[in-house]
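Asks: Knowing the structure of chain A, use the given hints to seat chain B on it.
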Amino acid sequence: MQRVIKILFFAFIVKPIVFIILGLNIQNRQKLPLEGGAVIAANHNSHLDTMVIISLYPLSKIHKIRPVAAADYFMKNKFISWISINCIGIIPLDRTGASSLEELFKECHQALDDGDILILFPEGSRGVPEKMSRFKKGLYYLLKDKKQIPVTPIAMQGLGNSLPKGEALFVPFNCNVNIGDIINIPNSSKEFNDQLKNFFDNQIAIK
Amino acid sequence: MFDIEQNSLYAMIGVFIILLISTFIYLYKESRHKEIDYTELKLRIKSWWWMIGIVFISLSVSLNTAIIFFAFLSFLALKEFVSIVSMRHVDRRAIFWIYLSIPLQYYWISIEWYGMFIIFIPVYLFLLIPIRLVILGETSGFINSVSILHWSAMLTVFSISHIAYLLILPVQNVLAGSIGPVLFLLFMTQFNDVSQYVFGKLFGKNKIIPKVSPNKTWEGFIGGVVTVTLLSGFVAPFLTSLDMMQGFMAGFIISIFGFFGDVVISSVKRDIKIKDTGTLIPGHGGILDRLDSLLYTAPVFFHFLYHMKY
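Residue numbers (this note's numbering), protein chains in the order written: chain A, 6 to 212; chain B, 699 to 1008.
These are computed hints drawn from the structure, not numbers from a lab. Predicted model, so just to flag it, every value in this text is computed and none were measured. Any given hint could be a false lead.
[Said to hold, decoys possible] Just so you have them, the derived chain A footprint on chain B, three or more residues with Cβ under 8 Å:
#1 767–781
#2 924–935
[Said to hold, decoys possible] If you anchor each label on the Cβ, the simulated ranges turn out as follows:
#3 B/G981 x A/I12: 26 to 34 Å
#4 B/I970 x A/A173: 26 to 34 Å
#5 B/V832 x A/Q153: 52 to 60 Å
#6 B/T721 x A/N91: 45 to 53 Å
#7 A/Y78 x B/K899: 39 to 47 Å
#8 B/K744 x A/K152: 41 to 49 Å
#9 B/E738 x A/K142: 42 to 50 Å
Ideal placement from N, C-alpha and C gives every residue a C-beta, glycine not left out.
So here's chain A without its partners, still in its complex pose (with noise of 0.2 Å):
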């Protein structure tokens, strides 16, 4: 069922605004992760980043494709919970730190072994439109103990202008998306961080 209804989600009202309103300038689509369990990180200006990526895929795999996404945030009320477990398929994280790491990834490492492609935002929150902020460490940590699952890198530029944090009004803009190649864990989340920030400094710079 809940497949059923992402599906209708995204066939009539997320992949129109993204292909139509907005409009995609696609770059390396080869290098999408077509298998999972595979991590996408991306870079964050705008609810719409998600909604840009799972519009990358099929409707037949987009069931496979989760945003691990801030349980405060996306669950605070019943109606934004109920839009993004069913049409969206969000993985809820808890950001207060009340909970142990294991207890933290628990679904998320259920998820990649259940052969998932899970979207996760190293920035953590959405911050000042067309700028990025410094990377958390969570994906690092997540992935620590499962180093083959393959991290690929999406750069996306323009939905800060479209939809920026905190506001309403919604302005088309074409965004462009850029594919990276595959990142292989290191062995510390500096090293890791720093292949990321290298990446998206390259393709933000050159706008």
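Replies: What follows is chain B alone, placed relative to chain A:
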């Protein structure tokens, strides 16, 4: 629905024949020279089929479909323009108002309100854009933003909407119908692009404007102007209410201004150091890469026809 007048129907069939011939030439070349990569050419021709198919269908179904189609074209062109130029973040709110001007501008066309159609963008939107920016209160970069926004509205909304107004001019050539002049404008503009390119490839030697467009030559330019001027003289009486002499003149201004539309958009791309304005049309680039010459030919051809005949 689908009641296309005789001459316009012949013109559409003619375009399909040209397209079929080009497709066969491509297939022949590809089978003869297996070692050469023709992917780019293949994409180009494939996109031509799509573009011509979509344009012809929207023109054939009904007048309103055609007007909505050109409004959508304005939307795509405006979006591409504001996406490639560097704007301040606050400008998004003024850009929103330009988007809103599109349905209004095309609404004036659909109710045949010429007076409003012709001043709405250059007067009312022109005055409104700075007002919106003043209310936002960000003065640093104000002049720059106002200029970019106004120019984008003129190019993508005002210019393109002239094609739609051609559709609702009272029909004078009954055999061509209301879509005849639009087919004439679109065909001559695109044919001018192609002939300038072909003549440039064949005889090109002397660069015409090397700083902007190193591939453009005097030979290509003149070849295009002569071809399109001559052809227009013969096609205009068939698709429009112009006679042969006026057809020559129409072809002449279409080829001259088509060239300038092309190099103006090229200059925009040079300025922001990009090769194509987008990736919407495979093998061609963005929508502005295809519409560039039309942004100039649409208003000048419209007013030429309007002053000659209305």
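Asks: Is 41 to 49 Å right for how far apart the beta carbons of B/K744 and A/K152 are?
Replies: Taking Cβ atoms as reference, B/K744 and A/K152 lie about 43 Å apart, which means the hint holds.
Asks: Is the hinted range of 26 to 34 Å satisfied by the C-beta distance from B/G981 to A/I12?
Replies: holds, 32 Å
Asks: At least three residues with a C-beta closer than 8 Å to a C-beta of chain A: is that true for the segment 924–935 of chain B?
Replies: Coverage by chain A is violated for the segment 924–935 of chain B (0 residues, Cβ < 8 Å).
Asks: With 26 to 34 Å as the target window, see if B/I970 and A/A173 comply at their CB atoms.
Replies: For A/A173 against B/I970, whose Cβ atoms are near 30 Å apart, the range 26 to 34 Å holds.
Asks: Does the hinted range 45 to 53 Å hold for B/T721 and A/N91 at CB?
Replies: Holds, at about 47 Å.
Asks: Using the beta carbons of B/E738 and A/K142, state whether their distance is inside 42 to 50 Å or not.
Replies: This hint holds: roughly 45 Å between Cβ atoms.
Asks: Lying within 52 to 60 Å: is that true of the beta-carbon distance B/V832 to A/Q153?
Replies: This hint holds: roughly 57 Å between Cβ atoms.
Asks: How about the segment 767–781 of chain B: do at least three of its residues have a C-beta closer than 8 Å to a C-beta of chain A?
Replies: Since 6 is at least three, the answer is holds.
Asks: For A/Y78 and B/K899, compare the CB-CB distance with the range 39 to 47 Å and indicate the outcome.
Replies: About 57 Å separates the Cβ atoms of A/Y78 and B/K899, which means 39 to 47 Å is violated.
Hint compliance for this structure: hints 2, 7 are not met, and every other hint is.
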